[in-house]
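Chain by chain, the residues run as shown.
Number of protein chains: 2
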Amino acid sequence: MIMSDSKALYIGHVLLNGEYVNVRMEHGVFTGVGKDVKPEPGDEIFHSDLMKNMAIVPPFYNMHTHAAMTLLRGYADDMELFTWLNEHIWPFEAKMTADDIRIGSELAVLEMIKSGTVFFNDMYWNTEVTWKVLDRMGIRGCMGVTLIDNIGEERIEASFDVFEKYVGRSSRILMSLAPHAVYTVGEKLWLRAVETVRKHHAFCHFHLSETKKEVHDCVKEHGLSPVRWLDKLGVLGPDCIAAHVVHVDAEELAIMKERGVTIAHNPISNMKLSSGFFRTKMVIDSGCRVTVGTDGCSSNNNLDMREEVKCASMIAKCNYGPEILPVDMAVDWATKNGAEAFGINGGEIKVGKVADALLIDLDNERFVPCYNFNSNLVNASSNEAFNTLICDGKIVMKDRKVKDEERIIAEAKECCKKWMK
Amino acid sequence: MIMSDSKALYIGHVLLNGEYVNVRMEHGVFTGVGKDVKPEPGDEIFHSDLMKNMAIVPPFYNMHTHAAMTLLRGYADDMELFTWLNEHIWPFEAKMTADDIRIGSELAVLEMIKSGTVFFNDMYWNTEVTWKVLDRMGIRGCMGVTLIDNIGEERIEASFDVFEKYVGRSSRILMSLAPHAVYTVGEKLWLRAVETVRKHHAFCHFHLSETKKEVHDCVKEHGLSPVRWLDKLGVLGPDCIAAHVVHVDAEELAIMKERGVTIAHNPISNMKLSSGFFRTKMVIDSGCRVTVGTDGCSSNNNLDMREEVKCASMIAKCNYGPEILPVDMAVDWATKNGAEAFGINGGEIKVGKVADALLIDLDNERFVPCYNFNSNLVNASSNEAFNTLICDGKIVMKDRKVKDEERIIAEAKECCKKWMK
Numbered sequence: 001m002i003m004s005d006s007k008a009l010y011i012g013h014v015l016l017n018g019e020y021v022n023v024r025m026e027h028g029v030f031t032g033v034g035k036d037v038k039p040e041p042g043d044e045i046f047h048s049d050l051m052k053n054m055a056i057v058p059p060f061y062n063m064h065t066h067a068a069m070t071l072l073r074g075y076a077d078d079m080e081l082f083t084w085l086n087e088h089i090w091p092f093e094a095k096m097t098a099d100d101i102r103i104g105s106e107l108a109v110l111e112m113i114k115s116g117t118v119f120f121n122d123m124y125w126n127t128e129v130t131w132k133v134l135d136r137m138g139i140r141g142c143m144g145v146t147l148i149d150n151i152g153e154e155r156i157e158a159s160f161d162v163f164e165k166y167v168g169r170s171s172r173i174l175m176s177l178a179p180h181a182v183y184t185v186g187e188k189l190w191l192r193a194v195e196t197v198r199k200h201h202a203f204c205h206f207h208l209s210e211t212k213k214e215v216h217d218c219v220k221e222h223g224l225s226p227v228r229w230l231d232k233l234g235v236l237g238p239d240c241i242a243a244h245v246v247h248v249d250a251e252e253l254a255i256m257k258e259r260g261v262t263i264a265h266n267p268i269s270n271m272k273l274s275s276g277f278f279r280t281k282m283v284i285d286s287g288c289r290v291t292v293g294t295d296g297c298s299s300n301n302n303l304d305m306r307e308e309v310k311c312a313s314m315i316a317k318c319n320y321g322p323e324i325l326p327v328d329m330a331v332d333w334a335t336k337n338g339a340e341a342f343g344i345n346g347g348e349i350k351v352g353k354v355a356d357a358l359l360i361d362l363d364n365e366r367f368v369p370c371y372n373f374n375s376n377l378v379n380a381s382s383n384e385a386f387n388t389l390i391c392d393g394k395i396v397m398k399d400r401k402v403k404d405e406e407r408i409i410a411e412a413k414e415c416c417k418k419w420m421k
Numbered sequence: 001m002i003m004s005d006s007k008a009l010y011i012g013h014v015l016l017n018g019e020y021v022n023v024r025m026e027h028g029v030f031t032g033v034g035k036d037v038k039p040e041p042g043d044e045i046f047h048s049d050l051m052k053n054m055a056i057v058p059p060f061y062n063m064h065t066h067a068a069m070t071l072l073r074g075y076a077d078d079m080e081l082f083t084w085l086n087e088h089i090w091p092f093e094a095k096m097t098a099d100d101i102r103i104g105s106e107l108a109v110l111e112m113i114k115s116g117t118v119f120f121n122d123m124y125w126n127t128e129v130t131w132k133v134l135d136r137m138g139i140r141g142c143m144g145v146t147l148i149d150n151i152g153e154e155r156i157e158a159s160f161d162v163f164e165k166y167v168g169r170s171s172r173i174l175m176s177l178a179p180h181a182v183y184t185v186g187e188k189l190w191l192r193a194v195e196t197v198r199k200h201h202a203f204c205h206f207h208l209s210e211t212k213k214e215v216h217d218c219v220k221e222h223g224l225s226p227v228r229w230l231d232k233l234g235v236l237g238p239d240c241i242a243a244h245v246v247h248v249d250a251e252e253l254a255i256m257k258e259r260g261v262t263i264a265h266n267p268i269s270n271m272k273l274s275s276g277f278f279r280t281k282m283v284i285d286s287g288c289r290v291t292v293g294t295d296g297c298s299s300n301n302n303l304d305m306r307e308e309v310k311c312a313s314m315i316a317k318c319n320y321g322p323e324i325l326p327v328d329m330a331v332d333w334a335t336k337n338g339a340e341a342f343g344i345n346g347g348e349i350k351v352g353k354v355a356d357a358l359l360i361d362l363d364n365e366r367f368v369p370c371y372n373f374n375s376n377l378v379n380a381s382s383n384e385a386f387n388t389l390i391c392d393g394k395i396v397m398k399d400r401k402v403k404d405e406e407r408i409i410a411e412a413k414e415c416c417k418k419w420m421k
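Residue numbers (my numbering), protein chains in the order written: chain U, 1 to 421; chain P, 1 to 421.
Hints in this document: simulated from the structure, not taken from any laboratory.
Keep in mind that a hint or two might mislead.
To be verified - For the chain U half of the interface with chain P, some residues (derived, Cβ under 10 Å), not all of them:
#1 THR70
#2 ASP78
#3 TRP84
#4 ASN270
Glycine residues also receive a C-beta, built at the ideal position from the N, C-alpha and C atoms.
Please build the complete structure, drawing on both the sequences and the hints.
What follows is the structure, encoded as structure tokens:
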């Protein structure tokens, strides 16, 4: 769905960290960022109707989601995690076809592009379908092949096959194995998953210590909390992205720091399902790398990273005082910490970094006045101000238009009719 | 700033509570809502580029804000209430001119219109300036004349004069006296305020039990909590809108219910300033009328009622379980309960009600799929889906365009230069 195909792109006069600069990118990386940068012959010169006054920032990294679940937006609200999963979500998913997953993934990627997200860390079924959607729609991601014991040997083998088939195939689309959680995956599958991941220098993505019940049941079964049990198995390492991480103590966080695990904080899902508040102060004090994710649309019910990071910040302030999680740290959580976790040389607008950028309309009312740009971005803005999204040096949204959006919306509406009550 | 001036407006084929209807309005009230409603000769027929697929809903009531403080958006973040007020907000405000307040009010009304708000309950200085902005820009409000002891006798007299001059002048723009809080207003001024309000059948708007410190200091000074002290003075009644109401017990809520006080819940401000979480369960159990407000832009930092009510709902679920505050109740808090509090025959799309309406683009990705419209509205949407706003039978935003917006943005930017650090 790439809108521009020329090899180099030049953007003149955009606000970056309080100064107006020109930006040039070529072969997917920034080749010039500064006042004296000029276009070269043959460059595509970026022009927007709103180009009068724009800021350039690193786009968001959504570090935990289930993209295709966008088809379940609003399907089951106002209930706790296990009822919600067992009685609503899993029966719904049992009826999903591969083509439904394609449609749900397209809808999710469309929503993410429109809300300024350039990367998502996914965990779902029919991974190859979402891989192809992402390949076509032009943003980044890490596609997680879900592993759960009770899907049976055959599907587990097929899952490893999919992982092996797609891992290493694209620098834009990374691969992970995603053992769902300690309550759905036993020791054998955990070990095989991390062994496979490490063989391929890929990633491991899972839910961790999301609810009190999960921790309680794990202690009952294994005599250890989820963090301690996974550490004992040798699962935890710098290739791990652990989502939620609500019910942990300082010692467990020290283990995670030691192992280099990245935490994906999902404040809205944790509230909506009544899982609990993130222990922001203890996590910051631990020195762990923190990132932010929206979780799937059935527990949120959108994929809006701006809203997510505002909630992360506000809840932290209510629980730990207004000085905690200052806005620049919140922006890092939502952007460059995600890039760092995946070893992507991105998350910043700098020469040599991958050419991902979000252009923001500074004439949008939410950015007026502008004493503190990051404060407006996190605490005041809405997606309407996100004018243009660039991934890998290519424009994927321009003046808020994304290729194929009418077709994606129409297909999603049609496809969901079978679930209407 | 009214865009349409014909006396009757007809809107064909819009989704209302799951069914497509036609809607007609005349002289500021709905005169027809149903499948068989037809336009009459001379009616303006509403047409939008997006008219293919729209829903019609009651717009939001922002029940506690300080509109002109939009000029302070992002000026001082990440600090607690008293430092924030004393060292940043009040010194800033000391430099505000009447024209700054006009500009700030226009910016606020613009932002509220663009986020689907049709009414705001204001509390600020130079009330007549904001009154005139509202008169011109076409939405509803209740303009609160702020009273604080330490502004001195002369300004207090002038404040009562402004109230007396504007009260009863418009059915669209109501008036209140706004004794700021128990820690800034003494017995004499509280009594004079409520006596004046009651003589004119107007309203009384104040901050109440926002912080622990406020409660502690009030008990120390008066031997009673803020709710009990105000009740002893005879302040509390059905004409009172009390903002925040965080640090209260069940007995105090029973007093407020008995007196008919309306609560304006401000979840984001309470989090950002670390004031505390609203006691949602206790408040619902009390039977008090609950509404929602954004507070001013310096403690939020926007005026987005959709975001506010989502936060109210998510926090409640985290603190009290996922079943609390179901989405239809959340919508009532953010819409018709506000109308009810002010005796406005509105907050619903029904024949005979005031003709206020928000038209929502159902082809926006946040409304796809649509198993539960209210869930999408509260939990998923963003202001970009709010296509058209109608107040009192007149269009104030059409296809997301508001009259004068470029001029308002330009003036606000220019005006705020003097506060840039």
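Under the criterion of a CB-CB separation shorter than 10 Å, is THR70 of chain U in contact with chain P as hinted?
8 Å, holds
Taking the least C-beta to C-beta distance, is ASP78 of chain U closer than 10 Å to chain P?
5 Å, holds
Was the hint right that TRP84 of chain U lines chain P, CB cutoff 10 Å?
8 Å, holds
Holds or violated: is the Cβ of ASN270 of chain U closer than 10 Å to a Cβ in chain P?
7 Å, holds
Hint violations for this structure: none, all hints satisfied.
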